[in-house]
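Peer 1: Could you build the full structure based on these sequences and the hints that come with them?
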Amino acid sequence: MSFPGAEGYGKYTTGGRGGEVYIVTNLNSSGAGSLKDALSKSGRTVVFEVSGTIVGRFKVPSNTTIAGQTAPGDGITIFGEMQHGSNVIVRYIRVRFDGNGDRDAFGTRYQENVMIDHVTASWSRDEVMSIYHGKNVTVQWSLISEACPNEGTDSHRFGGIWGNDYSTYHHNLIAHNENRTPRWASGAGYNDYRNNVTYNWGYGGSYGAERVQSGSDHIGSWINVIGNYYKPGPGSESKDRIASPSKRGAGDEGNWYVSDNFVEGSPEVTNDNWKGLKSSNYIKMTAPWDAMPINQETAEQAYQSVLADVGASKPKRDAIDERIISEVIDGTYSLGRNGFISCPGEAQLPELNSTPAPADSDRDGMPDSWEQANGLNPNDASDRNDKDDIGYTMLENYLNSIDSL
35 MSFPGAEGYG KYTTGGRGGE VYIVTNLNSS GAGSLKDALS KSGRTVVFEV SGTIVGRFKV
95 PSNTTIAGQT APGDGITIFG EMQHGSNVIV RYIRVRFDGN GDRDAFGTRY QENVMIDHVT
155 ASWSRDEVMS IYHGKNVTVQ WSLISEACPN EGTDSHRFGG IWGNDYSTYH HNLIAHNENR
215 TPRWASGAGY NDYRNNVTYN WGYGGSYGAE RVQSGSDHIG SWINVIGNYY KPGPGSESKD
275 RIASPSKRGA GDEGNWYVSD NFVEGSPEVT NDNWKGLKSS NYIKMTAPWD AMPINQETAE
335 QAYQSVLADV GASKPKRDAI DERIISEVID GTYSLGRNGF ISCPGEAQLP ELNSTPAPAD
395 SDRDGMPDSW EQANGLNPND ASDRNDKDDI GYTMLENYLN SIDSL
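The numbers in the numbering used here rise by one with no breaks, and the one at position 89 of the sequence shown is 123.
Rather than coming from a laboratory, the hints here were simulated on the basis of the structure.
Be careful, since some hints might not be right.
Restricting the straight-line Cα-Cα distance to at most 30 Å, the calculated cross-link-like pairs of lysine-lysine (DSSO-like) are [to be verified]:
(1) K318 / K350
(2) K265 / K318
(3) K318 / K75
(4) K265 / K312
(5) K348 / K93
(6) K312 / K75
(7) K273 / K312
(8) K45 / K93
(9) K70 / K169
(10) K312 / K169
(11) K75 / K93
(12) K75 / K169
(13) K93 / K421
(14) K45 / K309
(15) K93 / K350
(16) K348 / K281
(17) K45 / K273
(18) K348 / K70
(19) K421 / K45
(20) K45 / K169
(21) K348 / K318
(22) K93 / K281
(23) K350 / K265
(24) K45 / K350
(25) K45 / K70
(26) K281 / K265
(27) K281 / K350
(28) K421 / K348
(29) K265 / K309
(30) K421 / K312
(31) K348 / K169
Quick list of the computed label-pair ranges, beta carbon to beta carbon [stated by the list, open to error]:
(32) A407 / M319: 46 to 52 Å
(33) T320 / A407: 51 to 57 Å
(34) A393 / I317: 55 to 61 Å
(35) K273 / P390: 46 to 52 Å
(36) S272 / S368: 44 to 50 Å
(37) N411 / G254: 50 to 56 Å
On a predicted model such as this, the values are computed, not experimentally measured, just so you know.
By construction, the Cβ of each residue, glycine as well, lies at the ideal position given by its N, Cα and C atoms.
Peer 2: So this is what it looks like as structure tokens:
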């Protein structure tokens with residue numbers, strides 16, 4: 035698996051396993067020791083010896099792991115955007131869009147073997163996080179919030195377009211987005227959406243999953259919506275909505291199954307989830323399609339779990355994520371019109387503090403103290419790629435030990 039706790043169809047993604055390690059030592063937009071330089075080649079695991087905000091727009095190349103949990107201090111925020119290739123693992127990173135152009139904060143199309151874990155994304159002018167028309171994708175424990183309008187308008191505050199052939203979306207929080215929470219792609223393939231929390235959708239919400247993507251070979255949409263928690267907020271117009279399936283013409287309906295979802299304030303829809311589908315543009319499945327299982331909770335349990343750990347929570351949450359979590363708990367908002375913000379300027383980036391990184395004599399991404407405690411040589415960089423009986427490298431075991439703290 036990618037790491038202990040990886041679940042769903044992206045869980046066998048290997049990222050940069052067995053390749054080079056690159057240590058990000060500064061917050062510069064380019065040059066030696068920068069994130070841009072780290073991402074200039076594939077086949078790497080990227081670790082951090084600094085915390086803070088990095089300005090730039092980045093593409094994670096295929097066969098890469100980004101381990102944001104290694105940052106000493108308050109963690110890493112990217113002020114710009116992040117796209118990615120195939121076979122990538124991205125963990126514990128915040129991406130807040132810089133406001134220049136109508137673009138997404140995070141994600142891309144047509145990629146496969148993708149594991150997105152504990153990522154925070156916000157402030158986009160298109161969608162906050164869009165990952166679709168790929169294969170074998172997991173988005174888990176990620177926080178998608180506060181979309182901004184298209185430049186020069188007061189509209190298009192959209193959460194994301196999702197839908198990959200065999201994909202899992204679980205334990206995510208989608209908050210303060212007017213629409214597309216998410217929008218299921220047409221020709222979305224087989225998607226399993228469970229144990230997520232949605233708060234304060236606006237005039238819209240989740241919709242889509244038409245059968246066919248026009249002009250492409252993406253045909254068929256199957257959507258499981260199971261065990262999720264829906265909490266309307268101050269800006270939510272339809273307070274008992276789970277989704278509104280779409281079609282573009284006759285025979286263009288996708289296949290939907292909904293069950294065990296909790297809609298706060300609507301016992302009627304909680305008891306009969308089908309009443310939360312606000313259109314008839316779908317084919318009703320009598321049972322969910324047989325998705326890869328996760329460690330599923332009830333919707334109420336998932337609500338508590340998500341609020342406790344979602345987003346870039348290691349090394350620690352920033353003030354923006356803390357605010358979002360508090361607003362979900364309290365059913366309130368702090369910024370914008372009913373929680374729907376305008377950009378730039380309405381939300382401010384917090385200062386992130388950095389602390390000294392532990393000594394790493396051989397520059398293999400593993401601290402000397404950890405190597406010594408685990409029988410490795412702190413002066414031999416090659417031992418980072420030694421594998422245990424399960425198949426994790428020693429570097430991965432170190433990264434996983436941070437995640438378990």
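Peer 1: Which hint numbers doesn't this structure obey?
Peer 2: 1, 3, 6, 14, 16, 17, 21, 22, 27, 30, 36
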